[in-house]
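Asker: As they're listed, the protein sequences go chains A and B. If you use the numbering used here, the first sequence corresponds to residues 5 to 495, in order. If you use the numbering used here, the second sequence corresponds to residues 43 to 718, in order.
Pairwise CB distance ranges (calculated):
| # | chain 1 | residue 1 | chain 2 | residue 2 | range |
| --- | --- | --- | --- | --- | --- |
| 1 | B | C195 | A | E338 | 44 to 52 Å |
| 2 | B | C195 | A | E252 | 37 to 45 Å |
| 3 | A | R485 | B | R429 | 38 to 46 Å |
| 4 | A | F298 | B | D149 | 33 to 41 Å |
| 5 | B | R429 | A | E338 | 34 to 42 Å |
| 6 | B | E192 | A | F298 | 45 to 53 Å |
| 7 | A | S238 | B | P227 | 13 to 21 Å |
| 8 | B | K359 | A | A368 | 55 to 63 Å |
| 9 | A | D235 | B | A331 | 30 to 38 Å |
| 10 | A | N452 | B | E638 | 46 to 54 Å |
Computed footprint of chain A on chain B, listed as stretches where at least three residues anywhere in the stretch have a Cβ under 8 Å from a Cβ of chain A:
| # | segment |
| --- | --- |
| 11 | 98-107 |
| 12 | 228-237 |
| 13 | 260-266 |
Since the hints were made in silico from the structure, they are not lab data. Heads up, the beta-carbon is just placed ideally off N, CA and C, and yes, glycines get one too.
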Amino acid sequence: MNITRRSLIKALGAGAGVALFAPFLTQLHAEMSGQHTPRVVLFVEGNGIWPWLMMDPMTRAQLGGEQVFSYKQYTHNTPIELDGVPLEQATSLAALGVDPGQGLRDLVKHSAVVLGLSSKIAGGSHSSMTHALSLTRALEGPSIDAYISTQLDLGLPFAAMRVGVCSTPSKKLNYSLCTQSKKSIAPVILDPSEAFNIYFGSVAQGAGQAAFTKRKELLDFSVEQARKARDQFSGSSTERLKLERYFESLETMVNRHEELVELAKPGSALFEASQMYLSGEPGELTDDLYTSPFLFDRLQAQADMVTAALIGGLTNCAVVSCAAGEDWNAAYPEIQVLHGMQRNASAHDDLRHGAGTGTRPELAESKVLAEATSRQIGVMANIARKLADVPEAGGTMLDHTIFVYMSDNGEMHHSTASEWPMLLVGGQRLGFKTTGRSVVYPKQGSDNNRQVSNLFNTLGHACGLDLDEFGGEPPTQRIARGPLSELWSPV
Amino acid sequence: MPDMEDVQQDQDTRADTSDLEDMSPVVQVDMSDPAPERLTGNSIPQSELFTCTPDTLTASRGRLRRVERDEWRRNAGRWSGTAADNVPFLASSDHQYSSYTARETLDEAIIELYLGSIHDGSSYWASLPDGRSGNPSAHAQIMTTTHSGELACFFDTTQVPDRDCVERYTTKLLERGVLYRPAHPDEVRDLSDFAQAQLAKPEQSRDESVEMIVSAARMMPGALFRTESGDGEVDDAGRIHLSDQELAHSLVYVLDKRAPGSLSVHRHFRWHEEGASGYTADSVEGHHAAFTRAAEDGSIRDPEVIEALVRQTIAAKIEGPRYDLALEFGGTRSSSGMPKMNRASEYKVSLGVRDFFREWLGYEAIRTKPGQADVLATSRFRDAGNRYRQSYVNNISDAREDEIKFVEQLDSVIARIVVEDEDVLANLLTTSTFYVPAWITTFDAHRWKAAVYEIDEPITEDTREARWQTVPMRGGVLTHPAWLAAHGHPNENDPSAVERGKWVRENIFCQDVPGLPEGVDAMLDPETINESARTRIQSKTEEAECVGCHKLMNPLGYPFEIYNHTGFVREVDHGAEPDGSSVLLDIPDPMLDGVEVRDAIDMSAKFASSPYVKRCFIRQTFRYFVGRPEERADACTLQRMEAAYDEKGSFIDMVVALLTSDTFLYRWDSTQGEQP
Chain A
5 MNITRRSLIK ALGAGAGVAL FAPFLTQLHA EMSGQHTPRV VLFVEGNGIW PWLMMDPMTR
65 AQLGGEQVFS YKQYTHNTPI ELDGVPLEQA TSLAALGVDP GQGLRDLVKH SAVVLGLSSK
125 IAGGSHSSMT HALSLTRALE GPSIDAYIST QLDLGLPFAA MRVGVCSTPS KKLNYSLCTQ
185 SKKSIAPVIL DPSEAFNIYF GSVAQGAGQA AFTKRKELLD FSVEQARKAR DQFSGSSTER
245 LKLERYFESL ETMVNRHEEL VELAKPGSAL FEASQMYLSG EPGELTDDLY TSPFLFDRLQ
305 AQADMVTAAL IGGLTNCAVV SCAAGEDWNA AYPEIQVLHG MQRNASAHDD LRHGAGTGTR
365 PELAESKVLA EATSRQIGVM ANIARKLADV PEAGGTMLDH TIFVYMSDNG EMHHSTASEW
425 PMLLVGGQRL GFKTTGRSVV YPKQGSDNNR QVSNLFNTLG HACGLDLDEF GGEPPTQRIA
485 RGPLSELWSP V
Chain B
43 MPDMEDVQQD QDTRADTSDL EDMSPVVQVD MSDPAPERLT GNSIPQSELF TCTPDTLTAS
103 RGRLRRVERD EWRRNAGRWS GTAADNVPFL ASSDHQYSSY TARETLDEAI IELYLGSIHD
163 GSSYWASLPD GRSGNPSAHA QIMTTTHSGE LACFFDTTQV PDRDCVERYT TKLLERGVLY
223 RPAHPDEVRD LSDFAQAQLA KPEQSRDESV EMIVSAARMM PGALFRTESG DGEVDDAGRI
283 HLSDQELAHS LVYVLDKRAP GSLSVHRHFR WHEEGASGYT ADSVEGHHAA FTRAAEDGSI
343 RDPEVIEALV RQTIAAKIEG PRYDLALEFG GTRSSSGMPK MNRASEYKVS LGVRDFFREW
403 LGYEAIRTKP GQADVLATSR FRDAGNRYRQ SYVNNISDAR EDEIKFVEQL DSVIARIVVE
463 DEDVLANLLT TSTFYVPAWI TTFDAHRWKA AVYEIDEPIT EDTREARWQT VPMRGGVLTH
523 PAWLAAHGHP NENDPSAVER GKWVRENIFC QDVPGLPEGV DAMLDPETIN ESARTRIQSK
583 TEEAECVGCH KLMNPLGYPF EIYNHTGFVR EVDHGAEPDG SSVLLDIPDP MLDGVEVRDA
643 IDMSAKFASS PYVKRCFIRQ TFRYFVGRPE ERADACTLQR MEAAYDEKGS FIDMVVALLT
703 SDTFLYRWDS TQGEQP
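Generate coordinates for the entire structure from the input sequences, incorporating the hints supplied.
Answerer: What follows is the structure in structure tokens.
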């Protein structure tokens, strides 16, 4: 029987209902033995990540010791590959480790740190905006999430999910991180309530249901108007096509809406995933994560929705913006106060200026920024753990999902885009060598330096795509084609 | 079966319906596929385009135009930098000009994005303005249309408005906020049905209902597409005149990139600046109401009326704030945008004219291209340090500074020439009167922004007069730093000359350069990295396999080598005097072919007197204002434009000739099959 995960979800969702979700998922994913669909999750932090935050002691020693902070001090000419490194001992990677007290699964053996990748095409300064994920300038192409999700075309309700946070709770959208295609922005939804309405409105009961219903009303009105206009148009066939396309697109969206309603029936995977992983609905709880003034609360709400969307079958691709792109100037008052800084005293820009180039970890500003990175990685790690609990095709969902934690801006505030430190988690059954390793490429300027484009090529290959030259690097700037063999091999 | 008019088009032109080469049934044509190459009319020999057979009747094909992003934003009365900027209605990249219409529609991704911005400004329609203070800032738009109080019943939240009231509201919304034309009864009925259903929801506030009603109206096809099909009787040649309303729309959109009657927010600024006396007729009637009135009384069909309307719209000299730019500056440190409005030059051209020059010359690319390295390299400022570098960079994009940027600086140069309107092309190609940045407030941290113009001392006088400077070593818009940098490469000895020469071939001479053959290693040799760009290009491209195409580009690009990649004048070029000399080869104008030029200033001056270059300029104008590449059948119109231009070199006369031509006014009747 040629069963797909989606058809199974739909079949079960439309059936008699499943009382307990976890057994349901176990059964669901176990039945798909031999089948899997790759998933990609990108966490993007704004305004640079200091490479040393991701250096474990063993790697740092190999690079020259505690005074090594970034690519500037790398002296090697061939990639350094280290296995069995204590990643959890890196300043911002503690979240990967075992926490018996909380029963957290060890993710170190599912992770790899990548240092030394450059990406001059993306630029630097405060944020490279859409350049970071598209590796082009001037909106010249899709970001990697859009490229992969479009190419895979899995027929899921959402090809990709893009959510995030910034310092301003009222801000709804970020238009400067992802691109759908040339000249076409793919917005990131910053308002968790809005994200809930779009992705989980179908399973909502309260205001989310109302917003979901409103959207349907708007689409129903529009599709009927487009149909009339198409039918009444008396001009040439060429021009009629424009109305035809508008009508067909609206019709597709109406159908997807109805599909979501179908997928959301009680007992379905989507319904159960939403019940299990979401913190209620917006406005439902007193301590409402969706509308919290604190950035990390809202980030948690967004992360919960990513978890539920991946497990519930809404999408196989997600981007989470942690104050990236135009939102780079985030402040973290809830962390600053812990390190003796006056609450609300500093925006991210001031923090970075206060911390300088990051070579003074003892400064309060450095500690705040390091902790912000740590917390965000912790949020990502917890999604990974939840996927690791779900069996799938002889492994777990985590084995078929690659998580990437990166910055939109390279190695620091006012970056030169010379080094883009990254953390990879999961994806071992996609071919990723994420077994507790660190890989450090020679610094920018070396013939053996590699670029973010190579990592994105690697994501493509892991998803079964023949992707060797992602982005717009001209031949003079592209150092090498293809994926990174140090991090991935074909399955 | 497809309409024969579509089959008829001349394949040589690669005209804007070339996606229909295979005329299979309509639904099988995939409009999402990008066109294989840029659509221009360059492939037609220029002489054939200006050979008019007397008594030939001309027209254009009927079409639907999707509204463009900035048009949508302006119509909604929204500023640059607001969510309306994210309305995803951008022209396809294979269109030379944003005014081209082929394949422009809405697909699923575009609609999804549109839904994210569709509410922007809907609150303008949610209540009446504060009548006590008269402050229009809160509800600037609705005040414009409801000053008579005719919609008071709709905003009475103590009761649900009756059908008559709802229809008055939806009619007003459609006609003054969405369609900008009389609404069809079916449109009013459908939107009113939707509105009543929304208003009847007890759980929904009036503001929430209005947001839904406005959003629904903005999703209606009439809000997204406008027709240019013609209306009335078909003449003996099978042509049909644009309807009065279509003509008003076509004229205002092409001239000023907004709808006639679109709501004016001028008074938002004027209220702050001038108080209640700042109200104008525009405040109530909307922009370009004269076109609307001419459409309503039918006088718009009179070519003399069109001419008068165009002339009063297209260009003017403005003393005082540039309210016409009120919506164009976003992200300024001052929320009102006033500083930039005050610092823009006194020469105004309508936004459509401004955009024509931006798109033809391609200088707006400076805002989005990759950052260029070592911007001072080879100039006399090369050792001046970071402050000069940063001053240059802040001429491009630092929104925190209130001084206008390179793009607006060149806009100003061009606008002055258009407003003066004599020998426009020659002046464009020779002027050395540039509008340069001043250094005024403490916000403007970088005082050497004028250094790129070879002006050492900052201009500290905050007047327009002080910003107009005669600059050395420049002659024409092709020597303006904005143009040079927009067509420059990342490093000073990269092949900028090739790119610039290619641009000249394609846009000054309207000729195509063959694409790069597969397998050709079109890169300069790394071993020559320490040599001048000219030396590097010569050593690489004079090989036999390259020279065939490069002889079309390099000679037209070398003259620009007196400037570096960012537009600074070179002082020394890798140990030698900068060399801009060249011999122009394979030039279609016999007067220029084989001619020696000293540098870009000399070359541009020679272009200025070339009849061939003038005709290419006319072709470019035609493309933008008609919204498609020219075809042989347009020869009489092109000739008409030339005759108008030749009188005194007037750009405005030339545009008037085009906008009163049959090509602009008539459409082939699509029901009649094959076009003549």
